[in-house]
Amino acid sequence: MTAYRAILQFVEDGPAVTGYWDNPAVARTTYKGWVGLYTHDLTVVVQFVAVEDDGAQRIIRKWVVDREVVTEPGDPL
Numbered sequence: 046m047t048a049y050r051a052i053l054q055f056v057e058d059g060p061a062v063t064g065y066w067d068n069p070a071v072a073r074t075t076y077k078g079w080v081g082l083y084t085h086d087l088t089v090v091v092q093f094v095a096v097e098d099d100g101a102q103r104i105i106r107k108w109v110v111d112r113e114v115v116t117e118p119g120d121p122l
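Numbered by the numbering used here, the letters in the sequence shown go through residues 46 to 122 in order.
Just so you know, the hints here were simulated from the structure itself, not pulled from any lab data.
Straight-line distance between alpha carbons at most 25 Å, and here's what the computed SDA-like set of lysine to any residue pairs gives:
(1) 107 - 62
(2) 77 - 54
(3) 77 - 66
(4) 77 - 107
The following label-pair restraints were derived from C-beta to C-beta distances:
(5) 74 - 102: 16 to 22 Å
(6) 112 - 61: 18 to 24 Å
(7) 46 - 85: 31 to 37 Å
Every residue gets a Cβ at the ideal spot worked out from N, C-alpha and C, and that includes glycine.
Take the sequences, apply the hints, and build the full model.
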């Protein structure tokens, strides 16, 4: 079963605030909320990540320096 994480860092590679959910909609909503609340600061990084059963992680979306990077084409926001 895939788990989903929302990750908030105030500085890239710095300490992180994270949440884990089985439901991707909850993680996605948290990701979007954090983008809206915190990305006015150019050092903030927010990620929406899928964590597979084997521990492998896939970054689905990542907000960094005033832009969003979508690594899975077709991912709905």
